[in-house]
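This note's numbering numbers the first residue of the sequence shown as 1 and each following residue consecutively.
Derived by calculation from the structure, the hints in this document are not laboratory data. Given the structure is predicted, the values throughout are model-derived calculations rather than measurements. Mixed in with the good hints there might be a few duds.
As the list claims (entries may be wrong) - Taking CB as the label site, the calculated pair distances span: (1) Q277 with P243: 26 to 36 Å; (2) T241 with T267: 44 to 54 Å; (3) T241 with K48: 40 to 50 Å; (4) Q277 with S67: 36 to 46 Å.
Said to hold, decoys possible - No farther apart than 25 Å at their CA atoms in a straight line, the calculated lysine-lysine pairs in the PhoX-like style are these: (5) K100 with K185; (6) K138 with K211; (7) K262 with K105; (8) K140 with K29; (9) K138 with K283; (10) K114 with K131; (11) K104 with K29; (12) K266 with K228.
Don't be surprised by glycine CBs; every beta carbon is placed ideally from N, CA and C.
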Amino acid sequence: MYALLIGIGIITMHILSGTRLCMIQNLLKISSILSEKDFNDLAKRIHKKDILGFLFILIHLPNCSKSDIHVTLRNVTHLYILFINFSVDMLYINCIWVLKVCFKKLNKSIHELKKFRSGNDLRVETIVQQKNSLLLIKLKHLEEKHLEISDVVQLVNDTFIIHIIVLVITTFTTITFNLYFFLLKMYSPKTENIKFWFIPNLAPALFFFIKFAMIIWICESTTNEAKKIKWTLYDAFSDSTDPMVRREVHLFSLQIMHRNNKFTAKTFDMNSVLLGQVISFIKDQFIEHNIKIITYFCRLRREF
1 MYALLIGIGI ITMHILSGTR LCMIQNLLKI SSILSEKDFN DLAKRIHKKD
51 ILGFLFILIH LPNCSKSDIH VTLRNVTHLY ILFINFSVDM LYINCIWVLK
101 VCFKKLNKSI HELKKFRSGN DLRVETIVQQ KNSLLLIKLK HLEEKHLEIS
151 DVVQLVNDTF IIHIIVLVIT TFTTITFNLY FFLLKMYSPK TENIKFWFIP
201 NLAPALFFFI KFAMIIWICE STTNEAKKIK WTLYDAFSDS TDPMVRREVH
251 LFSLQIMHRN NKFTAKTFDM NSVLLGQVIS FIKDQFIEHN IKIITYFCRL
301 RREF
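Could you build the full structure based on these sequences and the hints that come with them?
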């Protein structure tokens, strides 16, 4: 089932390769607002995350080798599928991470406009008019950038929609099954071949949970950064008296309200609520399996 679901996700991503390329090109375009320092800091974090994840998968390669060649091939195939799936997950996280930094840069730029407004002597009318004209140009530029970034958010959602659905299903099933096998092994140490493909029990459960929690974290933190723009804008221009500036701020606010910068798979949003629901379902399944296994082994002991 795991291989089937991941296979569907990989095939879908291959079919949507044109959309994915368009998304990456647009992501490259909007990232032009970032400074060299922003790029370097982001690259370091992304590389560290990816290297640690890939190393965790590769250290399990020796576990694939078994006496039976068919079992070895099956394990290697599962490891390869996991590797490809992890690569797509990391691509999704990296795209959202770039969007987060772009939203953060946008917030910083809007906040700098407040300093620009409060600087210099505003008692001379000519200076006031010149500054308001320049302020209006900068504000329109930031408004356009916000629109471009919001369009990329929608592209990311459209590109990864099937993959995210598969991700949620596989995370739930993998963690649930591995906890079930862990319980079996704990109550019956002599039971043989109680493994979920090539990694024993708790390792894949922990791996999938950390990966899923990381995706939820980056999605929600990016959404929060996008929402923060509204309050930064209000804080910077709440006391503005220029009618043109106030009108542009109003249009910018309407744009922020109408662009729902959430990461979603249509049926659910990628946020802490979803993480809580998944944890709750897994907890319920764990308790249920625990009770069933304990009851089963208690009956066996009574019979003997």
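Quick rundown of the hints versus the structure:
no.	hint	verdict
1	Q277 with P243: 26 to 36 Å	violated, 48 Å
2	T241 with T267: 44 to 54 Å	holds, 47 Å
3	T241 with K48: 40 to 50 Å	holds, 48 Å
4	Q277 with S67: 36 to 46 Å	holds, 42 Å
5	K100 with K185	violated, 43 Å
6	K138 with K211	violated, 39 Å
7	K262 with K105	holds, 18 Å
8	K140 with K29	holds, 18 Å
9	K138 with K283	violated, 51 Å
10	K114 with K131	holds, 12 Å
11	K104 with K29	holds, 16 Å
12	K266 with K228	holds, 23 Å
Of the numbered hints stated above, those contradicted by the structure are hints 1, 5, 6, 9, listed in ascending order.
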